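Start from chain D and add chain R according to the hints.
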Amino acid sequence: MRYFHLWLSFLKMSWMADLEYRLNIVLKSVGEIGWYVAQLSIFEVLYTHATTISGWDVHAMRVFMGALFVADALYCLFFQENTEQMFTLVRKGDLDLYLTKPVDSQFMISARKVATPFFFNVIGTMVYLIWAIEDFPQHVTALQVVTFFFLSAMGFASLYSIRFMFSTLTVLAQDAGNIHFVWYQLYRLATRPDPIYPFLMRLIVLTIFPVAFFASVPSRVFVEGYDWRFLVAAPCFAIGTFYLSRKFWAFALRHYSSASS
Amino acid sequence: MRKNLAAARLAVLNQLEYRINYLIDAAIQPAVATVIEVTLWLAILSGMGLKSLGGFGREYYLAYALWSTFMGRITTNWMYEFIMLDEIDTGKVNAILVRPISFYEFYFSQFLGYKMVTAVFSFVLPLGACWIFQAPVIVERLPLMFLLLAYYLAFTFTISFCIACLAFFMNRAQSLTGMKNMMMWTLTGELIPLDLYPEPFRSWMMHSPFASGVYVPVAYITGRIGTPLVLQSFVSITAGLIVFAGVGAVLWRSGMRAYTGTGA
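Those protein sequences? They're chains D and R, same order as listed. Be aware that the first sequence starts at -3, since it is given in our numbering, and climbs by one per residue. Be aware that the second sequence starts at 1193, since it is given in our numbering, and climbs by one per residue.
Excised from the complex, chain D in its bound form (with noise of 0.2 Å):
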């Protein structure tokens, strides 16, 4: 409950500041959009020149977009600018003032600063994705919306987890800021449904790099129906992840030296 009213001050702070320049909300919105743009573009194009990829139709395909999205937005509303700051904390020595603080760092890394411009962007993917839900020619049921958003939980917190760990890098390489460069090619594996991909790559993204369940493995109770295994799967991988993420930050921050002092 501390945790949760610290994160609305948190939340508070955030938004008296982003309100501050209130043209900049505006375009932060708008530059997601086209990255979401972007992104469909891709397969509308594609199915102008084919019915199916892997057996996913423009319908299932666009369901999976949506769940993308809507990842996405929430992601970058709660962590993306908390996350992709650790370098610049740990270059200029900033990191200390927040392990000196009395809460649990990881925490207060992560969540210090709330991005309210995406608010809107995640109220938009949820529409986009609600279109696509009933969109679908199959009958969709609630048990199906439930699994779905049970599965999506789970892989948000896989996402987070995994993209900690990546930035956690930096703490203990501190000329590596690029990183996240290369975290950002890595996330595109997301941003394709895992089927579309050869056995090895499918059995990369589903076990060692779970990436597939950020959205691929969500949408497919859609497409697919229901597999237990990935209901077994998912709750694993958020709670393994975000358990290496929290035993990587520790790690990390032994072999942490000040840049401040």
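Because the hints were derived from the structure by calculation, they are not lab data. Given the structure is predicted, the values throughout are model-derived calculations rather than measurements. Glycine included, C-beta positions come from ideal geometry on N, C-alpha and C. Treat the hints with caution; some may be incorrect.
Derived list of chain D stretches under chain R, where covered just means 3 residues or more per stretch with a C-beta under 8 Å from a C-beta of chain R [unchecked claim]: (1) 20 to 27; (2) 30 to 38; (3) 174 to 185.
The following block gives chain R in isolation, referenced to the frame of chain D:
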């Protein structure tokens, strides 16, 4: 010219200061990007169950994926646009205004220096990969491709300069960079070859100056298009350059009139 070379050298030295960062920027990131781009394209083509797409076979898409990643990285400008925005936003621009080199020239020279030092190493990747996978590349077309790329760099930097000048009037213009690059991502053809778009979008996009950022050079060296479209691209870049240089000049002048040096 000596001033420009000194600025370019400064950029190279800055890049080499953080070696791991440079290694990631020049080698690891392009390698990862290339592998992923190729994986995504091959997966899509296999998933579609087509032997060819838009009249071109798998090997053309393999070559396109390999080269588009390289071109996209070379022609995109994040870093120097952010720096220019920040300089104007924070008033650090004062330090450059008193130098015997213009703001545009100073950063354009640095931009070219930076692109040169990353391009040299990144270039080996698509070339090597094309050789290994036997993907189509017409080697004798490389010089004209590089010429087009170099010309396009002037165009893309001029757009960056225009955006940076907006910082004179806006308190936070950084989000514009993201918006612009997102737009370029689609318009240059880095995302998807422009010839796959339905008409009339295909013609509009292929004849815009932005197509010279990725689509035209890649399509040219992989044999998708001929020399006439490349020559036409020089013309469209020139037109774009004139427009954005004019906009940039107006923005800079009015910006300088409105500007109150915070560091003064």
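Checked hints:
Coverage of the region 20 to 27 of chain D by chain R holds in this model, with 5 residues showing a Cβ closer than 8 Å to a Cβ of that chain against a need of three. Coverage of a stretch by a chain is defined here by at least three residues with a beta carbon nearer than 8 Å to that chain's beta carbons; for the region 30 to 38 of chain D and chain R the count is 6, and the condition holds. For the region 174 to 185 of chain D, the stated coverage by chain R is satisfied: 8 residues place a CB nearer than 8 Å to a CB of that chain, which reaches the threshold of 3.
Hint violations for this structure: none, all hints satisfied.
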